[in-house]
Amino acid sequence: MADDEQFDIDTDSEIEDEDNENQGSDDDTGFFPIDEPIVHSSQSNTTTTTTTTTTASSSQISKQTRGTSDQSVNKYSTGTSTSNNHPQDNNFEYVVLTQDDIVKYMEECIKEVNEVIKLPSTTVRLLLHHFRWDKEKLMERFYDPNHQDELFQQAHIVNPFKKPPQLQTQLSNSSHRTTRRQISANSSSPSPSITITTNPLKPSTEQICGICYTTKPLNERVGLECGHKFCISCWRCYLTTKIMHEGIGQTISCPAKCDILVDDKTVLRLIENPDVRRKYQHLITNSFVECNRNMRWCPGTNCTNAIKASYCDVAMVTCTSCKTSFCFQCGQAWHEPIKCKWLKKWQKKCHDDSETSNWIAANTKECPKCHATIEKNGGCNHLICKNQSCKYEFCWVCLGAWEPHGSSWYNCNRFNEDDAKKARDEQERSRAALQRYLHYYKRYHNHHESLRLENKLLDQVQKHMESMQQQMSWIEVQFLQIACDVLRQCRQTLMYTYPFAFYLKRNNHSIIFEQNQADLEHATEELSGYLERDFSQTNASLTELKQKVQDKYRYCSTRRKVLLDHVAEGYECDYWEYNENV
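My numbering applies: residue 22 is where the sequence shown begins, and numbers increase by one.
The set of hints was computed from the structure by calculation and includes no laboratory data.
Honestly, I wouldn't trust all of these hints.
[Stated by the list, open to error] DSS-like cross-link-like pairs, simulated, lysine-lysine; straight-line CA separation at most 27 Å:
| no. | residue 1 | residue 2 |
| --- | --- | --- |
| 1 | 139 | 362 |
| 2 | 365 | 582 |
| 3 | 369 | 390 |
| 4 | 463 | 526 |
| 5 | 132 | 300 |
| 6 | 139 | 158 |
| 7 | 362 | 386 |
| 8 | 369 | 139 |
Treat the numbers as computed from the prediction; the structure is a model and nothing was measured.
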């Protein structure tokens with residue numbers, strides 16, 4: 022039939038294939054069963070996997086998956102990470118994966134699990150996604166006989182090991198040559214698949230599509246194992262909308278609003294538009310990286326690489342393509358000396374309305390009666406609440422009712438009372454908190470802006486290096502490039518010292534930290550000012566100039582190391598105490 026040819030389904034041999042599928046075979050030739058590749062071809066090594074029987078214990082499977090994972094890391098190994106914040110674990114290794122490598126690694130994970138549990142690749146991928154690609158957790162739950170039904174239910178997959186009696190009868194009656202994909206919620210098919218029903222002994226009947234409400238022949242209706250079937254055109258519109266407009270690829274559910282997820286083969290067989298297919302493949306790959314706790318996308322501009330580490334930890338990793346360095350645990354730019362927890366809290370404080378509230382608390386007062394926020398816009402201390410339901414008259418100084426002031430009028434002599442003192446103290450605390458925050462934020466923001474502006478400085482230094490080559494070799498003028506790199510490192514470190522200091526409680530070690538911070542900041546500003554000079558206008562020789570620049574960036578590097586070493590020592594010896602509620 023035409024539709025069978027369209028979806029490449031062999032109806033003559035499908036009953037025999039059902040028996041093979043129940044034995045655990047998988048007709049998936051790859052993760053994406055399509056002709057065009059998702060990315061360009063890769064020269065990566067072939068996948069190394071280990072075969073395990075289905076009777077293996079969970080502990081044996083865990084050891085096997087760890088071993089294969091280590092092989093995958095070593096296959097693309099680029100080195101280990103270093104960090105000054107924490108004691109180093111020499112076992113922390115990471116690799117840089119291209120788009121091709123990501124797809125290959127994903128297929129390795131699927132194949133590795135599939136060799137044990139004997140289910141089709143699309144089903145295995147959905148299960149792995151449910152467990153955030155933690156193979157050990159999947160194996161542990163899969164081999165728990167008391168919770169297997171719960172496992173598939175939570176993953177929104179029809180249990181492939183439940184076979185209803187009516188299907189047994191249909192399969193045994195092979196003389197009728199009836200080809201059928203079981204559409205019951207308790208299907209015997211090991212994978213979610215397209216439901217196409219044909220019977221040469223019975224004429225095709227027509228049914229109404231539940232989406233467009235048009236009458237369609239049965240052989241033009243497609244469904245999942247949940248039993249809901251719709252016409253092919255409605256399926257294509259539904260999938261295209263989910264993928265292209267809503268950006269959903271990993272968790273597309275049945276259009277009937279049931280929990281069953283649409284598998285990869287169904288999506289890719291129904292979708293004809295190559296742009297939609299590529300977008301779907303990209304969404305699946307992106308979901309694989311984001312759900313895997315041991316993988317991170319490189320945040321570099323226009324970089325499509327990902328980093329895979331042996332485990333998730335606070336460590337600096339560097340992309341080999343774009344040279345971007347970032348924290349593997351949180352995925353942000355490398356933020357020594359502050360920890361991820363406090364940086365996240367600082368960024369939230371900077372971006373939400375918390376400081377607007379501080380300003381309101383510092384510059385306004387509440388009406389003593391209705392508690393409406395009031396800003397004083399004149400010199401008179403006699404305030405009248407503008408709330409139409411209030412109209413309360415009170416004194417701005419003591420917040421007491423205005424009438425008892427009597428002849429005192431605008432010269433309040435009651436401001437020393439306990440309640441007035443309490444109100445002023447609260448306002449003073451709010452003002453002090455706001456000033457403290459602004460002190461650290463301005464300096465944090467200043468170094469952030471300096472980092473951005475010094476990209477122009479790098480272009481200027483490059484021109485100086487080219488002009489200096491008239492008297493020096495290219496190697497000899499590299500000291501300017503090194504100075505720029507050191508300057509950026511110091512700027513970035515200083516930028517993150519201010520949120521770190523904002524949350525620190527004051528003690529002897531915090532005083533030492535502030536002294537190191539001030540010394541590094543002074544040296545950094547001197548180096549920045551020296552690099553911004555017009556070297557052509559100086560009277561010093563190039564040799565003297567080189568010596569001065571080298572002395573300055575070496576001193577900056579030394580002071581930066583002193584500061585970071587002291588912070589690292591504080592982490593190890595538990596010197597640092599934090600203000601949680603600032």
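Hint check:
no., hint, in the structure
1, 139 with 362, "41 Å, violated"
2, 365 with 582, "24 Å, holds"
3, 369 with 390, "33 Å, violated"
4, 463 with 526, "20 Å, holds"
5, 132 with 300, "23 Å, holds"
6, 139 with 158, "17 Å, holds"
7, 362 with 386, "33 Å, violated"
8, 369 with 139, "46 Å, violated"
In summary, the numbered hints that this structure violates are 1, 3, 7 and 8.
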